[in-house]
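S.K.: Whole structure, please, built from the sequences with the hints as guidance.
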Amino acid sequence: MKEKKGRRKDSIERFIESNQTVVLSSLSQLRYSILCEGLPKDNGLCPYRTYVWSILLRVEPLDVDYYASLVDRGPSNVFAKIQNDAFRTFQKDEEFSRKVSTSVLMRILNSHALEVESLELHNSAGAPASPYVQGMNILAAPFAYVCRSEVEAFALYSQLVSRYMPLYTTPNLLGVLNGVKLVDIILQLIDPKLYNFLKSKMLTAKIYALPSVLTLSACTPPLDQVLELWDFLFSYGVHLNIFFVVAQTILIRDELLKSANPMLLLRELPRLDARKIIKLSLTFVKQTPDQLYDIIVRHARENVEEEIADWESS
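If you use our numbering, the sequence shown corresponds to residues 16 to 329, in order.
Misleading hints may appear alongside valid ones.
[What the hints assert, rightly or not] SDA-like cross-link-like pairs, simulated, lysine to any residue; straight-line CA separation at most 25 Å:
1) K208 to A275
2) K294 to C51
3) K294 to Y47
4) K221 to I205
Honestly, the hints are just simulated from the structure, not real lab data.
M.R.: Right under this line is the structure:
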């Protein structure tokens, strides 16, 4: 009887299993592989996406006992808000609902909230971190869906919001509000006709793009395309979501310009096409002045409000 052969491993899987001694060059190689090849799908999901995300986000293995101790502490001060939002997370996605229970999502969100409350965390700009703001449930959901364990999902989620986008989760959503201003600036730079049309309808990015900025575009289905966008964001920086949001807007440019009520189109964007959005976004990056791009890079971690105001007035 012949021995059954295992699944053939692709180049990215062989890479993450190999002994990489030079961290920076190895990360560059991994990022480039994701850009060129993307992560493969096995029954709709990449079997090792969790490991790739852990490498890209620099997440250390988390002590299971530590997570268990957070869970054992019970409800945080914001648990009622978490509970209310968790039940509404990706309700229309049957595969997500089948795979991720509401209780798992609530435990992940509540544990992070408890951690923030107990440590009185402050972000890099000195502002207090918020245990929970509406929309953090959407940020946690893809991790709960992808990861094989609740502990892994918690570790990845906490690293993302605490290290890479801390100003997105302040009580006043400072990073998000700066992010939507940057969406307006980039849209005006790339497509002044569309920008001026939307402005004439009193539609700034703060009105229509805030959910997409806050959730790194995860508020728009389908989830498998969100995961591909996140592969790219975790490889090259979450700041690139600003360009993703602009790309999603420009992809419906013709429909918007013909519409008497464009907000109806912007309220429910078309289903994501990750490769198309990434390709279009990269062309926008090339057209962005270096000084402006630097502001975009830093906006999720630093208060760039004055720099944005200076740019808008110049």
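S.K.: So, for every hint listed, does it hold in this structure?
M.R.: Verification of the supplied hints:
Taking the CA atoms of K208 and A275, the gap is about 16 Å. The hint holds against a cut of 25 Å. The straight-line distance between the Cα atoms of K294 and C51 is roughly 11 Å, inside the 25 Å bound, and the hint therefore holds. Among the hinted pairs, K294 with Y47 is consistent with the structure: their alpha-carbon atoms are about 14 Å apart, no more than 25 Å. Taken as a hint, the K221 and I205 pair is honoured in the structure, with Cα atoms around 18 Å apart against an allowance of 25 Å.
Violated hints are absent here; each numbered hint is respected by the structure.
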